[in-house]
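Given chain L's structure and the hints, the job is docking chain F with the ligands onto it.
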Amino acid sequence: MTPPERVQPPRVLTDDNLAKAREIIALYPHSKSAVLPLLHLVQDQEGWISDDAMREVAALLGLQPAQVLGTCSFYTMFKRDPVGRLVVSVCTNVSCYVNGGPELYDALQQRYSEDADVTVEEVECLAACDQAPVLQVNYEYHGPLTPEVAEDLVEDYKSGRLTPRTVSGSQG
Amino acid sequence: MAVTETRIVTQRLRDFPDDSHTIERYLATGGYESLRRALGMTPAQIGEEQVKASGLRGRGGAGFGTGQKWSFLPPGVFPRYLCVNADEGEPSTFKDHMLLERDPHQLIEGVVISAFAIECHTAFIYIRGEFALGAERVAQALAEAYERGFVGPDVLGSGFDLEIVLHRGAGAYIAGDETGLMESLEGERAMPRIKPPFPAVQGLYAQPTIVNNVETLSTVPHIIRMGGEEYAKLGVGRSTGTRIFSVSGHVARPGNYEVELGVTFRDLIYGLAGGIPDGREMKFFIPGGASSPWLLPEHLDSPLDMDHVQNDLKSMLGSGAVMVFDETVDPVEIAWRLSKFFAHESCGKCTPCREGSGWIERVLWRILNGRGRPEDLDLLLDFGDNIVPGLGAPFAQTTICALGPSTMSPVVGLVRWFRDEVEQRTGATRAGLERRVTVPMPEVG
Ligand SMILES: Cc1cc2nc3c(=O)[nH]c(=O)nc-3n(C[C@H](O)[C@H](O)[C@H](O)COP(=O)(O)O)c2cc1C
Ligand code: SF4
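Chains as they are written, first to last, in this note's numbering: chain L, 1 to 172; chain F, 173 to 617.
Okay, chain L solo, but in the shape it has when bound:
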C-alpha cells in the first residue's frame, strides 16, 4: 500500500517574513529555540496563530505540528483563535486590585463585549504598579486610568489617532 500523499499546508508567512524567520532560526544553537520568536512573527503578521501557521512553523523547524501546539498553548500572549485588532489587557493583581483595576476591567469588558475590533482581557501583574490601575493596548502601557479615560484611549486607537502595535506588541 502506498502511503497517502502529504498535503502541503497553505503558506501563511509572507516572503519577507519567511526570510526573517530563517534569520531568527540561525541565531540559535538549536533551532527549536526559535518556536517562540516564530510564533510572535506569525502573530505580528496575522493577528493570531492558526493551525496552518503552526504547521508552517513546525515545518521550518523540523518539528511535528503537535510540538509547536504544545508550546504555543502554554503561553497567554499567543492567541489560537482570532481576536480583535486591539487587545486590551487590564491588570487586576493586588496593587491594581486596591486601586480600581477590577472596576476598570468590568467597565471596558462591558463597553466592548460586542465590538469585533476590541478584545478585553484580564491579566496578571504587568510590572507597572506605580501606574495602577494600569492596562496595555497591544502591549503599550497606559495608567493610571479611570474607566472614562480608558474608553477615550481605546477610541483613539480605534479611530487611528493613536497607532497601535501589533497583537504581539511589535511596531506595526
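The set of hints was computed from the structure by calculation and includes no laboratory data. In this text, all values refer to a predicted model and were calculated from it rather than measured experimentally. Even glycine gets a Cβ: it sits at the ideal position worked out from N, Cα and C. Treat the hints with care, as some may be off.
Chain F stretches covered by chain L per the calculated footprint, using a threshold of three residues with CB under 8 Å from any CB of chain L [what the hints assert, rightly or not]:
(1) 263-271
(2) 333-342
(3) 416-422
(4) 507-518
Quick look at chain F with the ligands alone, frame taken from chain L:
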C-alpha cells in the same frame, strides 16, 4: 533624619530621565569604561576579587551570592551560557521593567563583563513578552553596542568574542524560574526542571549555564568601577550594597526607590513613598513580592536585611516588591486574589502545587463570600502541609520549584495575623480546630 535614596544602578535614569537609554548619554556618563577596565583583568580576578568580594547577592528573588554561583561552573566544560532573567513577573515588582527601558546599555555592559568573567561566548536576554518597549530599547542598544565593538567578535580588540541574543517570552510567570526559563528558551513549555543537576553544571542545551537577574547584572559595572571591597562597605551584614525596592498599593508616591540595604521598612514606605494617603492606618504589608509572607505595622522598624527578614521575621525580601494595604482592605480578599494568581500560574507539573493552588483559591473564595466552613482553616493548612511539610520557614518543599511553597504565603499571612477574623467568618472556634499543623511565628515583634 529623613532617609534618602542611594542611587547607583538608578543614578543615570534619574539624572537624565529623557535620554538615559541612548548610547550618547551612556557614553557621556562613563558608560563602557568598566568594560575596558574589566578586559584588563583575568576572569578569575573579576569573579573572585571583584564580584565575590562585593558580596553581591542575586536581586531576582533567591538572594544567592553571585560570585559564588559563578564559581560552581565546572572547569574546562564549554560552551557555557549566560541567561539574563528579564522575565520580571513577581506581582508588584517593576524595577527590571524600568532598568530595561531606561538604561539598557548598563545591563549590556554588565552582561559583557559577566560573560567575560565566566568565559562564555553566547548570552541570552530572556525578556518578558509583555515588555514591548523594553524589548525595543534593548534591541536598539544591542545594535549600537555591536556597531561600536562592545559586543560581537573581538570585543574592543581584546580577543574576547561574545554574541548576545534577545529572546522574547510570551506570557508565563513560571518562565521566570531559572529552569523554566531555560525550558522556554529551548522552545518548550516553561515547566521547571528537577534539580540537581543545577544549571551551573547542566543548564541550557545541557551545558553549564548561569542565570542572573537584570538588576544583578546591571550592578556589575558599578562593582568594577567602585571596586568590590568598596561596594561591600555599603549595606548591612551579608546584605551588601543597594537594592531597588518597588513600592506600591496604598502609598502616596508609588515607585522604585534605590536604597542602601539596612534602612528600615518605615524609611521606605513612610519616608520615600510618602506613607498612606488621607491619614489612614496601615493594616499590613507584603515585604518581598507575592511569594513572601506578610508583615504588620509592628515590623516597620525592621531593617531591609535579607537574613534578618528571613531568619527573624520568617518572610523574605524576595524580589524587592513592597505592597502596602491600608485599614480598608479585607485581608481575605487579598489572600484570595494572590491565590488566584498562583493557581493560574502553576505549570501543573507537580501534584501538590497544581491541585493545592486551585483548592486554596476555591476555599478562600468561599470564605470571602460568606460560605466558609468551620473546618476551612484546617483544610487550608492541610493543603499547605502537602506542599510545605511542617510549614516551617524557610519553606521546605515537596514540589519541583518554589512556586509551590509560594502559594502558601497568603495563607500563612492570614493564619499568623488575621486568624481571629478568619475564624469568625468560618464559624470555627479555636478549641474546635484540630490544629494538626501550626505556623511558626516570627521572633521579632
Ligand atoms: C516561580 C518563580 C518565578 C521567578 N521569577 C523571576 C523573575 O521574574 N525574575 C528573576 O530575576 N528571577 C525570578 N525567579 C528567580 C530565578 O529562579 C533565579 O533565582 C534568578 O533569576 C537568579 O538570578 P539572581 O541570582 O541574579 O537573582 C523566579 C523563581 C521562581 C521559583
Ligand atoms: S511547583 Fe508548581 S509551578 Fe513549580 S514545577 Fe511544580 S507545578 Fe510547576
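Status of the hints after comparison with the structure:
1. With 6 residues carrying a beta carbon less than 8 Å from a beta carbon of chain L, the segment 263-271 of chain F meets the three-residue requirement, and the given coverage holds.
2. Coverage of the segment 333-342 of chain F by chain L holds [criterion: at least 3 residues with CB-CB distance below 8 Å; count 5].
3. For a cut-off of 8 Å, the count of residues in the segment 416-422 of chain F with a CB near a CB of chain L stands at 4, and the three-residue condition holds.
4. Counting residues of the segment 507-518 of chain F whose beta carbon lies closer than 8 Å to any beta carbon of chain L gives 5, which meets the minimum of three for the stated coverage.
Checked against the numbered hints given earlier, this structure breaks none of them.
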